[in-house]
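J.: The primary structure of each chain is shown beneath.
Number of protein chains: 6
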Amino acid sequence: MISPLEKTNILIEALPYIKKFYGRTVVIKYGGNAMVNDELRQAVIVDAVLMKFVGMNPVIVHGGGPEINRMLKRVGKETDFVNGLRVTDKETMEIVEMVLAGKINKEIVSLINQNGGKAVGLSGKDASFIQAKQKLAFIENEHGQRQEVDLGHVGAVAAINPEIINTVIEKGYIPVVAPIGLGEDGESYNINADTVAGEVAGALAADKLVLLTDVEGIMRDSSSADTLISSLAVSQIPALIKQGIIGGGMIPKVECCISALAKGVGRTHIIDGRLRHSLLLEIFTDEGIGTMVVRDEE
Amino acid sequence: MISPLEKTNILIEALPYIKKFYGRTVVIKYGGNAMVNDELRQAVIVDAVLMKFVGMNPVIVHGGGPEINRMLKRVGKETDFVNGLRVTDKETMEIVEMVLAGKINKEIVSLINQNGGKAVGLSGKDASFIQAKQKLAFIENEHGQRQEVDLGHVGAVAAINPEIINTVIEKGYIPVVAPIGLGEDGESYNINADTVAGEVAGALAADKLVLLTDVEGIMRDSSSADTLISSLAVSQIPALIKQGIIGGGMIPKVECCISALAKGVGRTHIIDGRLRHSLLLEIFTDEGIGTMVVRDEE
Amino acid sequence: MISPLEKTNILIEALPYIKKFYGRTVVIKYGGNAMVNDELRQAVIVDAVLMKFVGMNPVIVHGGGPEINRMLKRVGKETDFVNGLRVTDKETMEIVEMVLAGKINKEIVSLINQNGGKAVGLSGKDASFIQAKQKLAFIENEHGQRQEVDLGHVGAVAAINPEIINTVIEKGYIPVVAPIGLGEDGESYNINADTVAGEVAGALAADKLVLLTDVEGIMRDSSSADTLISSLAVSQIPALIKQGIIGGGMIPKVECCISALAKGVGRTHIIDGRLRHSLLLEIFTDEGIGTMVVRDEE
Amino acid sequence: MISPLEKTNILIEALPYIKKFYGRTVVIKYGGNAMVNDELRQAVIVDAVLMKFVGMNPVIVHGGGPEINRMLKRVGKETDFVNGLRVTDKETMEIVEMVLAGKINKEIVSLINQNGGKAVGLSGKDASFIQAKQKLAFIENEHGQRQEVDLGHVGAVAAINPEIINTVIEKGYIPVVAPIGLGEDGESYNINADTVAGEVAGALAADKLVLLTDVEGIMRDSSSADTLISSLAVSQIPALIKQGIIGGGMIPKVECCISALAKGVGRTHIIDGRLRHSLLLEIFTDEGIGTMVVRDEE
Amino acid sequence: MISPLEKTNILIEALPYIKKFYGRTVVIKYGGNAMVNDELRQAVIVDAVLMKFVGMNPVIVHGGGPEINRMLKRVGKETDFVNGLRVTDKETMEIVEMVLAGKINKEIVSLINQNGGKAVGLSGKDASFIQAKQKLAFIENEHGQRQEVDLGHVGAVAAINPEIINTVIEKGYIPVVAPIGLGEDGESYNINADTVAGEVAGALAADKLVLLTDVEGIMRDSSSADTLISSLAVSQIPALIKQGIIGGGMIPKVECCISALAKGVGRTHIIDGRLRHSLLLEIFTDEGIGTMVVRDEE
Amino acid sequence: MISPLEKTNILIEALPYIKKFYGRTVVIKYGGNAMVNDELRQAVIVDAVLMKFVGMNPVIVHGGGPEINRMLKRVGKETDFVNGLRVTDKETMEIVEMVLAGKINKEIVSLINQNGGKAVGLSGKDASFIQAKQKLAFIENEHGQRQEVDLGHVGAVAAINPEIINTVIEKGYIPVVAPIGLGEDGESYNINADTVAGEVAGALAADKLVLLTDVEGIMRDSSSADTLISSLAVSQIPALIKQGIIGGGMIPKVECCISALAKGVGRTHIIDGRLRHSLLLEIFTDEGIGTMVVRDEE
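Same order as they appear, the protein sequences are chains A, B, C, D, E and F.
Under my numbering, the first residue of the first sequence carries the number 1, and numbering increases by one thereafter.
Under my numbering, the first residue of the second sequence carries the number 299, and numbering increases by one thereafter.
Under my numbering, the first residue of the third sequence carries the number 597, and numbering increases by one thereafter.
Under my numbering, the first residue of the fourth sequence carries the number 895, and numbering increases by one thereafter.
Under my numbering, the first residue of the fifth sequence carries the number 1193, and numbering increases by one thereafter.
Under my numbering, the first residue of the sixth sequence carries the number 1491, and numbering increases by one thereafter.
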């Protein structure tokens, strides 16, 4: 049992961190286990609410998690894959958008409101704030030639207009963003949530971008937590990719960090969303958690 | 062919109406055929955009239309009816919310943005702006006794907090509202869109509430357009209900008008959404269209 | 007879133009027949009021028309001409100022107010907003030598201080400007209204300058409307002057356009004020009317 | 010769008066000799500028003085009198308005600007701020019966909308008002300047109304300055009128004071405009000058 | 050792309290041991800074502590006592003011600034915000008669003008107030710091008034902490005074609470300043500490 | 005796000066006889209040005068001098700070408030607005070598953060500054008041810095007022120092002027505080008084 006085002392210990991040904007890519597990989900939401109350401006960008597949399966919609890439036809996109903007987004909004915060959910269509274009994808054909493949409604960010997010932040709300973009053709595009988080962080000139993942961070030896790389400069990354230390799904996450840094984001973090209160642990401890990716000059 | 000068003259004719409604708030219940038919949908959207550009503040509250049934059918979800009332269990509610907030709402937002307006979609969960409670429903049982029946997630409005809508209006956006309420229990409730439109109009002290329906208005003889009642005072309504002139689905619409007038809304209108540009016709012609329901003193 | 629905369709056709000019400042030089003819006058005023209501910021600069001569005649004041230039002595100036600032200006203000707009009349003396200096004029004497001639109170613009106009615009009024300047000596100066319109447009960084004239625009052959030049780049002008296509009273108007473009005005137009609703026709039709003078790069 | 130190001491003596009137609104009816005599005119203007600089908000309402008659004479316009009341036909009104709004108003504005202040001239037509109605006038006919007489464009104040004056004051300008009102019929009306000053003071809830006249104030014996009544409560006035001590042209001035007090003006003063710097003498001396008319309770 | 995760959990536990007090104004009377002991002083300052950072508006009113006596002794100034009341002559007052406003106030300001907050020190003379009058005091003379005694510069609050405090709060500073009042005579008055805290809390309509004392609160048996009265309604107080449970120096403190509640302060607290972080303990624990004095209706 | 009219004329004479300095910031170093002599003190205060009321923004920085010595003597504190420089140990600093911030500062504040102004006293610790560092001092030792000497709490300005002063000015108060700085170590530092005035003037980009001294200005022959140098460019100063015309205590004052000019202050003045209303005499007379030090280009 921790006594009230000990608790008070811990609040006091938090003061330097509160000061340090007062008024700062933190964009959080929220996905993976942290979204699936009830306890973890509750913890992330509470972390964001606490951040808002102690003067930070958290912005949540969420992914879709297993809900999309569950719903596609339920309506009996089969999706094609071309060389491992899912083709998102109009019908699939409709389901994707309903799940992202109509279910997951509103659940997060509701959870924040129930935990004492005030949230407003936004899809990139609202105020046309995420302008999208089709994402180019290439496969190698049977003759070993590079060939473009039409993935349908899979999008990339063409531009971010942060006005509506800034309005929502200034009025005291936590913006919750579904990664849907609006094409010039008026069509919806499903965009990778890490990418959206990075672009939104860039457009807001955020102080921090935090990607919640299902790993502890970047590890020299993925089987040993002791080999976690806690800080990484951009220039060190190519070699680590070559050596295979950064590989697979981590590569786009790291690229997202590099791109956000180039757009003026202060620091970027890849942290373990499977850890309860990982957001607060990153912010309220000196050592932080996970892997921080920073500009070379730091 | 109409010459440019004739066109200009028509713009000039619109001036007195523009002046009259400058700065006024108009809440529009959008549903029925006007939402199903492509051409009508386009016309309603353009009407709202035009209203915004000539200085009015339109607010759109939409219903669900046939999309909800289509999706329920698609996922093989059967819904029970108790004496004609649909029971909305948790699973049904999930589908309803996805369709309303994730599909229809975003389609309207997108359509407005493509037509040169700026829209922001809101579900009642956003900023907790529609607080809901379960709607009480009663049936008569076999012994002729009145008996409460649990309709599940069918809701009534407990309170409206218009702050987020006002913010969105002030910043130049058209708010588009999905009729989902947030219960104290954190659950979603599906609320009748007419009811939400009326309550939102009341909370905003709107100048006008316009219900787009699939009839021409209230008619003494439903088979004859000539018998349309163009203006109706609240005190005249009970007699018309008794006589059966107002009946069926029109009764809740009329009650919604009465309630909105009691909350301070200026005027209320039941108009024919099957008519192209019915919104503008109501506002930009002296005689208006459909049936206007007003306070007795007028 | 045009039906209400056709009228509504015409309003809708105006929407793209309303969007295009929303928030734009348009300085209108108002003079000639459009000021003399009752019907035309009414049409210009209504055009300006409509422009204000659909989000533009019209600014009206008016000339004096035949009223000045009529009053001079009435008081028996004869004015001298030196080589065709009228000499404006102190007594003449007094009459000129009274007519411009006390009669014509107030009539326009009153007409706008009666047509549902809100106008405020300003002479360049108000808030000292048009600072004037004497206009230099030269004649050729009997020995063929260039000789300066004192035209008295005929002025040129020394500086524009747009603060009062901006205040008036922001508060929702249409500014109506009489072309009187205040000299350093405290004397009044009569300045050409085209010049004042161009200078005011420059000082406000207006989007458009529109000169209402009594011709259809610049024509290759003044006897044939078919030869109207609808668009003209600045660099094309010297040749046209040389060829005599631009000549006489059109030269100072074109120079006024060139000067306004150089000061940052978006586009300049010389249009036919004898046409009812010429202002709206210029703005609300794709082809526009009259002659548009633009920068070369366009 | 007064030494710099003595001068400084006099500034210091002014401090309590500056404090007392800081932020206060003072409406000044400017007319009579103070407008005719060059030296007096300069003095009044400088007084107003000084008042503005030491934190007061002076508002000047001017009359027409002999200029109107001079111009009427000049254009050969004869005016009829019915029992001593001038009939103002349309043609006369036109001359009156030009002189008031186009000449006198602009001269005052210019004089203020040249003396370091910033002034904006307004006629009651600007922003429709003085709404007028025809003034009812009655004569006694040959049968001794009261009979209404049509004086044409002689007006009374129907309403004052002070918005434009408040805007002008807030932006640091001194408003200069010509006593022209706008009738519902769109016609101009000439209104007595004392009346306009009183009504404007009432609409602004001014702290002071000062009427500059050509007498020293109200005197028990008009031939003896010693009999000046320096302070007068409203209830004392009827007796003084009965006794003939207040008579002739002083009656409407006193009535104007009574009306302004009833509308909430703090204090009203009838002072001698023939005295140089009478405005400052009234404000910066304990005893004041002229006659002060106050509410009974004071 | 407490782990980072446990610490994070404790922050999360604080969230409901942070929400509850977000935006609330808390006036703290700071004195006694909490001001003398270095460790306690540091803790109080840090508590106030934390309160500011998590959205509360703390206002500190300090007493003089032993510093005043020390300085009086040092300058060899003896002070008279009349029936136990210290007489504060002009010379004593001078020392008192220097110590309060020049030493203690600035030490607190400096300590806050060093701990990451931003403080501005104010004496009641600044902006004349505490207007004082002499405090009436009475003694019983040898004949048993009540006799007024002149205590010199001992003051009572005549009025509080909170403008400067509100300005300072809005700009993000913590106001630190020395209990000096300004008499109408321009003299300084020493006012009891509890009284000033209560009056300032009243003028600010504060949510909380917290008096830091050197006892645990009000106890039924002062020798036993178990008998602490944790909550007390105003109506219960007279009986407790009669019974001697509230006595001595506690009486004025309780009266100060009663007076503050009457002026609209939400809740008042008498807590133990000898306890480290007693301020945070009061706010961040359900049970609070010390004795809370509330209105009867609660 | 000066008549009211003569007085009014003198006010009018002041108008050009009022205009010239309207909205200007004037930092006044207040010290010497002007602080000791009751009559002079009153005059300076009234001058500052008048300046505020006629639209200037006076900022007062005061020195300590003989009060500090008196209090040091009274508490029996002896201070050491090293080669003529006073060593300020911690105990001395405590007394210095109490006298400056707790006595003199509050007396000036109170005097301004009593004379109709509104003042707020600030020490450099408030809002940490004067950041200080120890002042380096050097003496020559017995071997003729330059040797650093530790003068204790004698400070130099490290940085000025003018935010709190700007806030106070905007809200209509006169800031009164005690020359105490806050070291990085949290210690207080006594800084020369001329220096603080110059630095504050620089940080505020003041229009004027006025140093009140006990001499008439810089004189070629200090025994003859006729030799007063009324204007001096920076480049002329070195020669005058060489010639001994500027010497002793005047050197740091002149250096303070040079430094303020370099930081962007408009003009600097060394004037005679022994003269009643010297501040107003400097501002309200053409010739000014004392010596003005200006940039070379003027």
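Treat the hints as calculated values from the structure; they're not laboratory data.
None of these values were measured; they are calculated from a predicted model.
Backbone N, C-alpha and C define an ideal beta-carbon position, used for all residues, glycine too.
Be aware that one or more of the hints could be misleading.
As the list claims (entries may be wrong) - With a cut-off of at most 30 Å between alpha-carbon atoms, the simulated DSS-like pairs for lysine-lysine come out as follows:
no. : chain 1 : residue 1 : chain 2 : residue 2
1   : F       : Lys1661   : D       : Lys913
2   : A       : Lys90     : B       : Lys375
3   : C       : Lys729    : F       : Lys1661
4   : E       : Lys1269   : A       : Lys20
5   : D       : Lys1029   : D       : Lys984
As the list claims (entries may be wrong) - Far from chain F by the CB rule (all over 10 Å, computed), these chain E residues:
no. : residue
6   : Leu1232
7   : Glu1289
8   : Asp1318
9   : Glu1479
J.: Evaluate each hint against the coordinates.
T.: Hint by hint, here is what the structure shows:
Only pairs whose Cα atoms come within 30 Å are accepted, and Lys1661(F) paired with Lys913(D) is accepted, the gap being roughly 17 Å. Among the hinted pairs, Lys90(A) with Lys375(B) is consistent with the structure: their alpha-carbon atoms are about 23 Å apart, no more than 30 Å. Restraint check for Lys729(C) and Lys1661(F): the C-alpha separation of about 41 Å exceeds 30 Å, so the hint is violated. The straight-line distance between the Cα atoms of Lys1269(E) and Lys20(A) is roughly 48 Å, outside the 30 Å bound, and the hint therefore fails.
Of the supplied pair hints, the one linking Lys1029(D) and Lys984(D) holds, its CA atoms being roughly 15 Å apart against a limit of 30 Å. Here Leu1232(E) stays apart from chain F, with its beta-carbon at least about 18 Å from theirs, past the 10 Å limit. At roughly 6 Å, the least C-beta separation between Glu1289(E) and chain F is not larger than 10 Å, which violates its mark as non-interface. Non-interface status of Asp1318(E) relative to chain F is broken: a Cβ of that chain comes within 10 Å, the nearest being about 5 Å off.
For Glu1479(E), the requirement that its beta carbon stay farther than 10 Å from each beta carbon of chain F is met, with the minimum near 36 Å.
Checked against the numbered hints above, the structure breaks hints 3, 4, 7 and 8 and satisfies the rest.
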